[in-house]
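Enquirer: The listed protein sequences derive, respectively, from chains A and B.
The numbering of the first sequence is this note's numbering, which starts it at 1 and goes up by one.
The numbering of the second sequence is this note's numbering, which starts it at 1001 and goes up by one.
Please note that the accuracy of each hint is not assured.
Said to hold, decoys possible - Pairwise CB distance ranges (calculated):
1) A/Lys46 with B/Ile1194: 57 to 63 Å
2) A/Asp283 with B/Gly1243: 23 to 29 Å
3) A/Asp200 with B/Phe1034: 39 to 45 Å
4) B/Lys1053 with A/Asp165: 52 to 58 Å
5) B/Ser1190 with A/Thr202: 17 to 23 Å
6) B/Glu1233 with A/Lys262: 28 to 34 Å
7) B/Glu1066 with A/Gly190: 42 to 48 Å
8) A/Glu122 with B/Asp1246: 42 to 48 Å
9) A/Ser158 with B/Asp1246: 33 to 39 Å
10) B/Ser1190 with A/Lys262: 42 to 48 Å
11) B/Lys1196 with A/Ile123: 54 to 60 Å
12) A/Glu198 with B/Glu1258: 31 to 37 Å
13) B/Leu1110 with A/Asn87: 46 to 52 Å
None of these hints come from the bench; they were simulated from the model.
Quantities reported herein were computed from a predicted structural model and do not represent experimental measurements.
Beta carbons: idealized from backbone N, C-alpha and C, even for Gly.
Chain residues, written in single-letter form:
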Amino acid sequence: MEILVLAEHRRGELREISLEMLSKAKEIADKTSGEITAVLLGQGVKDFADTLANYANKVLLIEDPKLENFNAEAYQKVLSALIKERNPAMVMIGHTAFGMDLAPALAVELDLPLATDCMDLEIDGDSVFAIRQVYSGKVNVKVSFSGAKKCMVTMRASACQIAEDMKLGGAIETVDSPLTEDIDYKIFSGYEEAAAGEVDITQADILVGVGRGIGDPDNIPMIEELAEAIGGVVSCSRPVVDKKWLPKDRQVGTSGKTVKPKLYLAVGISGAFQHLAGMNGSDLIVAINKDPKAPIFAAAQYGIVADLFKVVPALKDKINELKGA
Amino acid sequence: MDIIVCVKRVPDTSEADVKIDGSGKNIDLEDLTFDINEWDNYAIEEAILIKEKVGGTVTAITMGPEESNEVLRRCMAKGADAAIRLTDDAFEGSDGYAIARILHSAIKDLSFDAVFLGAQAGDDGYGVVGPMLAEMLGLPHATLITKVDLEDGKVKVHRELEGGLEEVVDINLPAVLGIQTGINEPRYVSIMGIRKVAKKEIPVKGLADIGLSADDVGEAGSKTKIECMYIPEVGEVAEMIEGSPDEAAAKLAQILKEKGLMG
Ligand SMILES: Cc1cc2nc3c(=O)[nH]c(=O)nc-3n(C[C@H](O)[C@H](O)[C@H](O)COP(=O)(O)OP(=O)(O)OC[C@H]3O[C@@H](n4cnc5c(N)ncnc54)[C@H](O)[C@@H]3O)c2cc1C
Ligand SMILES: Nc1ncnc2c1ncn2[C@@H]1O[C@H](COP(=O)(O)O)[C@@H](O)[C@H]1O
C-alpha cells in the first residue's frame, strides 16, 4: 500500500509536521509492507526534497509559481489529480491552518473518508483506526473508516515524534504541474505579522499563565500581583485574549507564542493541546485548577486541585513572606 | 448581503466530570449544561455586524433536537431575521460528512451571499463541516478567519496561521467562511431579548423535506465510525499538593523557594 504524505512548508521553511507525519507513516509502512511517498508542492522548494527523501521511499516534487504560496484551492486541484492517478491507500495531511483549509474539501471531491486532528493511527490486520480527542481533550475516540479500503487523515502537530534520520534515500521525481490557469476566485495577497507588544513573554524565566477560569477581567490584577511577587510575567490562554482581557502578545499556544520558561504556573487553564503545545517545553509546570480531571495535570509536575481565588492570594502572601524571611 | 449562519448546540464540558455512557460511543449528557458552540457565537455576531453595516438578512440554521431552538432563539434575539431547524431521527449518529450533506441539502436552494460557520465544534472538534459544505455547494471557502472586510463582489479575509502569523486572502462571493474565536466581541442577550423572539416561528425540516433518504444520513451516510470512546489514561500525572488552599499554597511556595524559582 502507498501512504501519501503532504509536506508542509511556509516562508522558506519545511515545517516539523512534515517529518512528524513521515515518521508515523514509517510505523504504518513497517506493519503493512507499505511504501511512503512524500508530496512536495511549491516554488523553489527543491532543497526540502532532499530532506524529505531521507524520510520517504519517493518524493514527488511539483514546482509551479502558482503554488508559491499556499492556496487550498490550487493545492486541491493538484492533489486530486495526483491522488486519482496514484490511488494511495492513505493520504496524510497536517491538522494545521493549512491542512484544515485543504483536507475536508479534498476528501469530499475524492469521496474519501476523513478523520481529522488525529493523535495516533493504529493498524489491525488491514484496517486503519484513528485515535482523536473530543470534548477539548477530556475524551478519546477510536474511529474507523467503515470498511473503506482508502482513507485520509489529518495529524495533530507534535503528536508524533520525529524519528532519527530514517535513511530511506527515496528517489526524487519531478512531476509537471497540472495547473493550467490561475485560481482567480481565491487569491493569497500577503502575510501579516502580529504586532510586537510591550513585553516579550518568550524571554521571561517565570510565567504565570491565566486562563478562562479567571472568570472576569476585574480579577486579572490578582494574577498580576502574584506574578509580581514571584518575579514573573503574566501570560494567558486564548480565550483571555479573545475576550480582550489581555493583549494578543501574552497568548501562549499554537496560534500564540511558544515559551520555555523555568517555571510555568498555569492558573485556571484546562490544558487544551493548542495551549500545551506552546508551553510543554517549560522546565517546571505547576497547575492550579478546580477540576481534578483537567488535562493540564497530565502535563504538570505539581498540581493543586482547588479554587484559584483561594489559592492565588494565599500563594502570593506565602511567597512574600518567604522572600522577606 | 444575505448570510446563512450554521450554529450548533453543544454541551459545556470544561468543568464537568465527563463519563462515558452505556453505549461506549458517547458521553453521558444527562447532567451537562448546553450552549451555542463557542465558535458559532462569533460567527453569528460577525454576520449580524455585517448586516448592521450594509443591510441584508441573517438566517441561523441548525441540525439538532428541539432543545436547539434555544440556540436559534438566542441568535434571533441578537439580530438574526430567521431560523431553520433540521431534525429527524435518521440524522442521529451523523459524522461531519453527513452533517455537511444535511446542511447542504437544506441550503442549496436558498439565496445567499455567504455561509458562515464556526471553525470547529467544541464537542467533536472535526473542523470539517465548513469546507465540506463549500465543496458540495461548489463554492470557494476559507477557514480560521479572524477578520472579514467586504469589497465589491468579494471579501478580504484574514486567516489565522500558527505562531501569531496571519494570511490575507481575497475570495469571491458567494463563499463559505469558517470563523475563528476572537474576531469580534459577541453581544450579550438578555432574558427580555429572548422573550421578545419567543413567539417567532422556527420552521422544522426533516429528511424528506430536504430531499435525502435514510441511507444518506446518520451512521449509514457517514464515512467514519466511532468504534469507542474512553477517558484517556493519563500516564504520569502531576504530584498533587494536598491540604486546604492555604496549606497547599504554603507547600507550593516552599517548593518554589527550594528550587530557586522566586524573584
Ligand atoms: C486553531 C486553533 C488555535 C488555537 N490556539 C490556541 C492558543 O494558541 N492558545 C490557547 O491557549 N488556546 C488556543 N486554542 C483554544 C483551545 O482549544 C482552548 O479552547 C483554550 O486553550 C482553552 O482555554 P482555557 O484553558 O483558558 O479555558 P477552558 O478550557 O474553558 O478552561 C478553564 C479552566 O479553568 C478551570 N476553572 C474555572 N474556574 C476555576 C476556579 N475558580 N479555580 C480554579 N480553576 C477554575 C476549569 O476547571 C477549566 O479547566 C486554539 C483553538 C483552535 C481551534
Ligand atoms: N449540527 C449542526 N448544525 C448546524 N451547524 C453545524 C452542526 N455541526 C457543525 N456545524 C457547523 O460546522 C462548524 C464546524 O463543525 P465541525 O466540523 O463539527 O467541527 C460548526 O462551528 C458549525 O458552524
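Enquirer: So, for every hint listed, does it hold in this structure?
Expert: Now the hints, each set against the structure:
{"no.": "1", "hint": "A/Lys46 with B/Ile1194: 57 to 63 Å", "result": "59 Å, holds"}
{"no.": "2", "hint": "A/Asp283 with B/Gly1243: 23 to 29 Å", "result": "25 Å, holds"}
{"no.": "3", "hint": "A/Asp200 with B/Phe1034: 39 to 45 Å", "result": "40 Å, holds"}
{"no.": "4", "hint": "B/Lys1053 with A/Asp165: 52 to 58 Å", "result": "55 Å, holds"}
{"no.": "5", "hint": "B/Ser1190 with A/Thr202: 17 to 23 Å", "result": "42 Å, violated"}
{"no.": "6", "hint": "B/Glu1233 with A/Lys262: 28 to 34 Å", "result": "29 Å, holds"}
{"no.": "7", "hint": "B/Glu1066 with A/Gly190: 42 to 48 Å", "result": "46 Å, holds"}
{"no.": "8", "hint": "A/Glu122 with B/Asp1246: 42 to 48 Å", "result": "46 Å, holds"}
{"no.": "9", "hint": "A/Ser158 with B/Asp1246: 33 to 39 Å", "result": "37 Å, holds"}
{"no.": "10", "hint": "B/Ser1190 with A/Lys262: 42 to 48 Å", "result": "47 Å, holds"}
{"no.": "11", "hint": "B/Lys1196 with A/Ile123: 54 to 60 Å", "result": "56 Å, holds"}
{"no.": "12", "hint": "A/Glu198 with B/Glu1258: 31 to 37 Å", "result": "32 Å, holds"}
{"no.": "13", "hint": "B/Leu1110 with A/Asn87: 46 to 52 Å", "result": "37 Å, violated"}
Taken one by one, the earlier hints fail for this structure at numbers 5 and 13, listed in ascending order.
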